[in-house]
Structures are given as C-alpha cells and as structure tokens.
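Novice: Given next are the chains, with one letter for each unit.
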Amino acid sequence: DIVMTQSPDSLAVSLGERATINCKSSQTVLDSSNNKNYLAWYQQKPGQPPKLLIYWASTRESGVPDRFSGSGSGTDFTLTISSLQAEDVAVYYCQQYSGTPPIFTFGPGTKVDIK
Amino acid sequence: QVQLQESGPGLVKPSGTLSLTCAVSGGSISTNNWWIWVRQPPGKGLEWIGEIYHSGSTYYNPSLKSRVTMSVDNSKNQFSLKLSSVTAADTAVYYCAREGVRAAFDIWGQGTMVTVSS
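Here the protein sequences come in this chain order: B and C. Going by the working numbering, the first sequence opens with residue 74, and the numbers climb by one from there. Going by the working numbering, the second sequence opens with residue -9, and the numbers climb by one from there.
Just so you know, the hints here were simulated from the structure itself, not pulled from any lab data. Do not take every clue at face value.
As the list claims (entries may be wrong) - For lysine-lysine, the following DSBU-like pairs were computed, each having C-alpha atoms within a straight-line distance of at most 35 Å:
#, chain 1, residue 1, chain 2, residue 2
1, C, 66, B, 97
2, C, 3, C, 34
3, C, 66, B, 124
4, C, 3, B, 109
5, C, 72, B, 97
6, B, 184, C, 66
7, C, 55, C, 72
Bound conformation, chain B alone (with noise of 0.2 Å):
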C-alpha cells in the first residue's frame, strides 16, 4: 500500500511570514511515460469540503493566489505559502495517484494557524 506522509503535523506562523508543509510517498508519483508528478495540494476550511490549490506538483489551479506554491519530485513535495494571510488559516492535504488500477491517497494533513 502506498503512504503518505506529512510534516509537521500543525505549525502556526506570523502573518506575513512563510510557511512550509512537507509531503512523502512511500513510492515515486512520477509517470515516467509523460513526466508528470501526481500529487496535488487541497486546503480545507472547517465545516467546508477540501479546496484544491495545485495539481501535477506544481500547476496553481485557476484563481488560486500565487503565495501558494508546490514543488518536489518522486516522493518528496512541499507546499509553501510565501506570505500567510489570516485567510489561509486551514488545514492542508497532500494527495497522490498511482495508476493501474487508480489508487488516491491522501496525506493525513497538516493544520495551519496564526501565530
């Protein structure tokens, strides 16, 4: 079965200031046949369903603010908000694919507050 692992479990940073999340698979979510990391970034907000922010690794989807940022290949990724805002306060998953049957994973997230 393929893990995934996230880091921290919660931080609380200034406003303004950057914040990190770290995410791992137990196995590569490169397609080597097209060069495509699978693993996307979501934003949940309580009482709201998950939000998706980046897809492919590092492709913002539409409307997203751009201090949100993925990087990272294979199995090792990182979501960065580049300024925190007050609206940013949620908590954060990661989610891989694996292919042949589709198998999604998600990470067991990473909660964001204000410091």
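Once you have looked at the hints, place chain C on chain B.
Specialist: Leaving out everything else, chain C in the frame of chain B:
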C-alpha cells in the same frame, strides 16, 4: 459552472446499506471526467472511496471494494454510491467530486454527514 450536490439518508443502521446520490448541475456528466466519492470521518482525514466514468467503468479503493457499488444515470445527470454492511466506522461526511485534470479533484459537493447507528 459545474456544481455537485450530495443527497441521501443521514442515518443508517448497522449492517445496513448506505446509499447516496450526487446530482451534477451546470454541465453534463457525460464528459471526459471521472466522478469521485471521498469520505471524511469526524475530526479525521480524507479517504478516496472510488470513481466512475459516464460509461459505467469503475475503480474502487481496495480497502472498501467488497462493499462498494457505484453507478451512473446519464439521463438524470447523476451518479450514486452504495456501501453495504456498514458499521460505526463508516460514519463520516461523504463528498462527491469531479476529477478535472488527471489525478486532481477540482470540484466538490458540500458533503453530507452519514451516521451509522441503531
């Protein structure tokens, strides 16, 4: 824009079958997208249940495969989830979603809470 709305009983008895429907509005279900079910137990993380294509092709989470059935009704523009032999561990918010680009879920329903209890 495409919107999703889950519906179904909020309370299911243990050993019974959980049945939910996701209505797709603002667009056709018969597009080149897979349609997803995800669940989230109270205070916990997200779990992919499975996905279905408008042709009826399905893929399920191996951990739930023996209990899950998904179906699609193109004429009603909706898709459905059935989970059998439920226990308290199946208590969760159930979300339907769309897989936009491959491997990312870009549109989500608001979710519906299902409690398994006698």
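Novice: State for each hint whether it applies.
Specialist: Here is how each hint holds up against the structure:
no., hint, result
1, 66(C) / 97(B), "violated (40 Å)"
2, 3(C) / 34(C), "holds (22 Å)"
3, 66(C) / 124(B), "holds (26 Å)"
4, 3(C) / 109(B), "violated (43 Å)"
5, 72(C) / 97(B), "holds (32 Å)"
6, 184(B) / 66(C), "violated (39 Å)"
7, 55(C) / 72(C), "holds (11 Å)"
Of the numbered hints listed earlier, those contradicted by the structure are 1, 4, 6.
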